[in-house]
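Going down the list, the sequences are from chains B, D, W and U.
If you read the first sequence in the working numbering, its first letter stands for residue 38, the second for the next number, and so on.
If you read the second sequence in the working numbering, its first letter stands for residue 38, the second for the next number, and so on.
If you read the third sequence in the working numbering, its first letter stands for residue 17, the second for the next number, and so on.
If you read the fourth sequence in the working numbering, its first letter stands for residue 17, the second for the next number, and so on.
If you are wondering where the hints come from, they were derived from the structure by calculation, not from laboratory data.
Since the structure is predicted, the reported quantities are computational estimates derived from the model, not experimental observations.
Nothing false has been slipped in among the hints.
Mimicking BS3-like on lysine-lysine, the simulated pairs with C-alpha atoms at most 30 Å apart in a straight line are:
hint : chain 1 : residue 1 : chain 2 : residue 2
1    : U       : 130       : U       : 76
2    : W       : 76        : W       : 138
3    : W       : 76        : W       : 96
4    : D       : 79        : W       : 138
5    : W       : 138       : W       : 96
6    : U       : 138       : B       : 79
Which chain D residues face chain W? A few, computed with CB under 7 Å, are given here:
hint : residue
7    : 47
8    : 48
9    : 86
10   : 95
11   : 113
12   : 114
13   : 115
14   : 116
15   : 118
16   : 119
From the three backbone atoms N, C-alpha and C, an ideal C-beta is built for every residue, glycine too.
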Amino acid sequence: MNSSISVLLFGITRDLTGQSAVSVPLAEGASVGDLLTQIHQKYPALAGIRSLLIAVNGEYAESEQVLTRHDEVALIPPVSGG
Amino acid sequence: MNSSISVLLFGITRDLTGQSAVSVPLAEGASVGDLLTQIHQKYPALAGIRSLLIAVNGEYAESEQVLTRHDEVALIPPVSGG
Amino acid sequence: MIALTSDPIDVPAALRFLQSEQAGAIDFFLGVVRDNTQERPVDRLEYEAYDRMAISEMQKIADVAQQQWPILRYTIIHRKGTLQIGDIAVLIGVATPHRAAAFEACRYIIDTIKQTVPIWKKEVFTDGESWVNAHP
Amino acid sequence: MIALTSDPIDVPAALRFLQSEQAGAIDFFLGVVRDNTQERPVDRLEYEAYDRMAISEMQKIADVAQQQWPILRYTIIHRKGTLQIGDIAVLIGVATPHRAAAFEACRYIIDTIKQTVPIWKKEVFTDGESWVNAHP
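Same shape as in the complex, but just chain B (with noise of 0.2 Å):
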């Protein structure tokens, strides 16, 4: 995987970068971690944000966890459900 991975975006991630899903480069073997740390990166203006957590494929993700390129991944700023 030394290209890239697709990141669904949603609420206050989805506004302040006007999409719903970015495209992040990411090494092979690369884990949760890295990513939030390309994210970050890439999109300074989400800094703001009280937390950013990763879900893979449906389910919260530790920050080790290694990601491969079939994973559907997505950005979850604080939730505000209820």
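Dock chains D, W and U against chain B, hints included.
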């Protein structure tokens, strides 16, 4: 009040006595406690009930409260609403 | 709004009554007639009330709840008469700005109703009947 | 029963779904759009969800609740899209044999939904808008 007082009955007390109100002899100046004693004497069948309270004019009454002939008096077996 | 009624309880009407522009949370508690008590099959329940006092005791409970929580609107409706399995015996609804108060006030009201309000319930089984709570 | 829907929440249908012969207690929680947040007047709310994950996270919460309390039936319905003041944003309903469990499970479910389910709410004021909880 040297005569008797009418006491409203509900639930198990109505079933045990077969009446929805009973007349209990009571001296002038008698208290709620006196009334309960009279009721227990006249209706020994009520002895098996877990507790019996008296309401006077729609309010729970303490045993010291003195009754007057104009009071609406009710015998309150353990409640079970809800 | 407090009521003691022989008619079925109208949940949508209670909901409409509770809604207001300030209400962010509504908690509803429904007490429903179950088909058994301690595994003994129940055929029906018969509720009886000392009407005037039942209403004034429910009002006292509501007044205390209103002092304790920021209640925007509330409704307490209790059935009387014969109820079949599945019938709603009591509805408590509380509307507040935020949810903690709605849950707490609703729970306080139903817990206290069961302790102080002169309403009596007779369980009619297939093989007998019994006034609830009456015996030691 | 778990749902994420753009349609208005049908409370009577949820009630019918929850009723069963064993249910003695039903607790309903409704989260409703209020007309203000910290005294700032709200015009409307816009809810957005990561649908697939919102549903699976709500299912996890329901599964935990079912392990913890004797739940006969439950329903969790969350709205998405644009909601006006007075609209129901979320309905939690829990039916149990006795009341304590209904209150506790219902409260657990709504409290946990607000912490873990990927649904986002934007408050649209008369003079601006803001994603709730997003900023420190």
